[in-house]
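There are 2 protein chains.
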Amino acid sequence: MSYLKNVKVEGKRLLMEAALKLAVNTRSLDAFSLRELARNAGLNPNTFYRHFKDFDELGLAIISEVMDQIRQPLRDLRREAAESAVPEGSLSISWQENPRLNFVRSLQVNNATVELFFKFVESNPEAFIVGVRELHGSSPVLRKALRALMKDFAHDMAEDIEVLGLLPKLDSASLLSVSEAISREMFQLSMNYIEEPERRDEICQQAGASIVNLTMGSAVLAGHVELLADALR
Amino acid sequence: MSYLKNVKVEGKRLLMEAALKLAVNTRSLDAFSLRELARNAGLNPNTFYRHFKDFDELGLAIISEVMDQIRQPLRDLRREAAESAVPEGSLSISWQENPRLNFVRSLQVNNATVELFFKFVESNPEAFIVGVRELHGSSPVLRKALRALMKDFAHDMAEDIEVLGLLPKLDSASLLSVSEAISREMFQLSMNYIEEPERRDEICQQAGASIVNLTMGSAVLAGHVELLADALR
DNA sequence: CTTCATTGTATACAATCGTATACCTTAAGA
DNA sequence: TCTTAAGGTATACGATTGTATACAATGAAG
Chain D
8 MSYLKNVKVE
18 GKRLLMEAAL
28 KLAVNTRSLD
38 AFSLRELARN
48 AGLNPNTFYR
58 HFKDFDELGL
68 AIISEVMDQI
78 RQPLRDLRRE
88 AAESAVPEGS
98 LSISWQENPR
108 LNFVRSLQVN
118 NATVELFFKF
128 VESNPEAFIV
138 GVRELHGSSP
148 VLRKALRALM
158 KDFAHDMAED
168 IEVLGLLPKL
178 DSASLLSVSE
188 AISREMFQLS
198 MNYIEEPERR
208 DEICQQAGAS
218 IVNLTMGSAV
228 LAGHVELLAD
238 ALR
Chain A
8 MSYLKNVKVE
18 GKRLLMEAAL
28 KLAVNTRSLD
38 AFSLRELARN
48 AGLNPNTFYR
58 HFKDFDELGL
68 AIISEVMDQI
78 RQPLRDLRRE
88 AAESAVPEGS
98 LSISWQENPR
108 LNFVRSLQVN
118 NATVELFFKF
128 VESNPEAFIV
138 GVRELHGSSP
148 VLRKALRALM
158 KDFAHDMAED
168 IEVLGLLPKL
178 DSASLLSVSE
188 AISREMFQLS
198 MNYIEEPERR
208 DEICQQAGAS
218 IVNLTMGSAV
228 LAGHVELLAD
238 ALR
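Protein chains in written order, with the numbering used here: chain D, 8 to 240; chain A, 8 to 240.
Just so you know, these hints were derived from the structure itself, not from any lab. On a predicted model such as this, the values are computed, not experimentally measured, just so you know. Do not take every clue at face value.
Identical copies go unnamed one by one, so any copy, or any two together, can satisfy a pair.
[As the list claims (entries may be wrong)] Derived BS3-like pairs (lysine-lysine); straight-line CA-CA distance at most 25 Å: (1) LYS151 x LYS126; (2) LYS28 x LYS60; (3) LYS28 x LYS151; (4) LYS60 x LYS126; (5) LYS151 x LYS176; (6) LYS158 x LYS19; (7) LYS28 x LYS176; (8) LYS28 x LYS126; (9) LYS176 x LYS12; (10) LYS176 x LYS126; (11) LYS176 x LYS158.
Make a model of the complete structure from these sequences and hints.
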């Protein structure tokens with residue numbers, strides 16, 4: 008919930024908290040005024056300048072703090088999903104040896120991850136709203152920072168997929184590319200998930216389907232058709 | 008280029024044009040003031056109220072006009088790509104009869120479409136910037152409108168895929184779901200395409216890969232593995 | 001104990017904001 | 001021909017904005 012424990016100076020923290028809250032409600036980091044922000048933080052307008060040069064600097068600070076709190080949990084969640092689905096000792100069995108087992112396991116991990124991911128989104132909406140919003144928002148500085156961040160997420164994911172053996176062998180470029188596509192899809196869908204509560208099941212399914220499609224498609228293109236054919240036989 | 012030919016009243020058109028331009032530069036539809044808008048349109052501030060109740064109404068008007076000008080061209084472009092890739096008379100040959108031919112053709116159409124799409128984006132950046140921006144922007148009204156619009160695009164795409172025989176038989180739910188995912192990916196990547204000119208080739212490839220992955224993955228999941236295996240043999 | 005940087009406040013000001021009221025012009029309908 | 005609605009302007013108002021300048025409290029370093 009509170010992403011800003013690291014921020015020691017109280018005024019700074021109050022401002023960042025207020026900004027995050029305002030961003031979630033008005034839903035843009037620069038849609039509110041400096042004075043409005045100060046008012047919400049219970050501080051004098053000028054205090055802002057003690058900590059930030061401008062709104063970009065505030066935005067970067069928030070993003071950086073939030074991501075510190077989110078990145079690792081997301082990885083943990085993926086591993087958690089993986090472990091919950093692995094029949095004991097089967098980790099070592101390669102796709103070549105037992106396509107079917109690995110395929111089924113991959114689907115399980117996939118579904119579990121998606122479910123956990125959206126639960127996580129649900130309990131941390133502010134972080135996702137601000138992130139996705141500003142990814143295409145009005146500040147070039149924030150856009151750039153968030154694009155870099157998406158890269159990091161994708162990189163984490165690629166690494167995990169490899170370590171957890173969730174896909175047949177893929178060259179690392181393709182793997183990263185697929186991971187990036189999955190990241191984009193998941194973050195995008197997280198907005199729908201937040202905003203359309205009545206469609207949450209559907210969105211969950213949609214996300215799962217996209218991931219399966221992307222991963223299986225990439226497996227096919229990497230020359231693993233026969234492998235998949237075996238898995239599905 | 009000019010999306011607003013339909014708007015007859017001059018003041019209204021001037022306001023919409025100014026808003027579109029401002030949105031592209033400041034990159035948010037409500038990041039500027041009513042007076043700033045009027046100034047850019049060369050009109051009295053009050054003229055705004057003659058045509059719009061508030062900024063949402065302006066936004067909706069712009070979106071609606073822009074999309075009228077964009078939706079059909081996008082479809083044409085897809086058909087154009089399809090026709091350019093079809094060996095004469097081969098349209099009638101089903102995936103079952105000749106998997107390989109259809110697979111190759113599908114890839115060709117795919118690549119051509121992606122290329123044409125990004126060319127289109129390049130020559131209509133305003134439309135895409137505003138669209139993607141406001142899809143996750145600060146106005147719930149615009150968000151909702153743009154989500155509906157994305158649905159329409161996806162629906163068009165699904166219809167075209169079916170008519171043009173770009174995929175092996177798929178139940179219509181899956182087809183729509185895949186089309187939606189493709190739409191999201193394409194619109195998302197269109198932003199990167201605009202903002203990172205030095206990576207355009209890479210982005211183009213990325214888009215192509217995602218589409219192939221999504222479509223082929225869905226084919227696999229729909230039980231067409233053997234078909235694809237044949238195509239790739 | 002003094003110094004001084006840090007964090008926050010108080011006051012002030014010109015600029016800009018949204019909008020209310022009133023008025024002008026034009027073209028269409030009665 | 002007279003009326004009336006629509007599109008556009010002029011002026012004016014109080015509210016809010018970003019920020020400059022000056023000042024107060026605190027705590028660490030010397």
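Evaluation of the provided hints:
1. LYS151 x LYS126: Between copies only: 23 Å across chains, 27 Å inside a chain, cut-off 25 Å.
2. LYS28 x LYS60: within (20 Å within a copy, 28 Å between copies)
3. LYS28 x LYS151: both (22 Å within a copy, 22 Å between copies)
4. LYS60 x LYS126: neither (36 Å within a copy, 39 Å between copies)
5. LYS151 x LYS176: neither (32 Å within a copy, 41 Å between copies)
6. LYS158 x LYS19: neither (28 Å within a copy, 42 Å between copies)
7. LYS28 x LYS176: This pair counts as neither: shortest intra-copy Cα distance 44 Å, inter-copy 48 Å.
8. LYS28 x LYS126: within (20 Å within a copy, 39 Å between copies)
9. LYS176 x LYS12: neither (41 Å within a copy, 53 Å between copies)
10. LYS176 x LYS126: Classified as neither: same-chain Cα gap 30 Å, cross-chain 34 Å, threshold 25 Å.
11. LYS176 x LYS158: within (21 Å within a copy, 35 Å between copies)
Of the numbered hints listed earlier, those contradicted by the structure are 4, 5, 6, 7, 9, 10.
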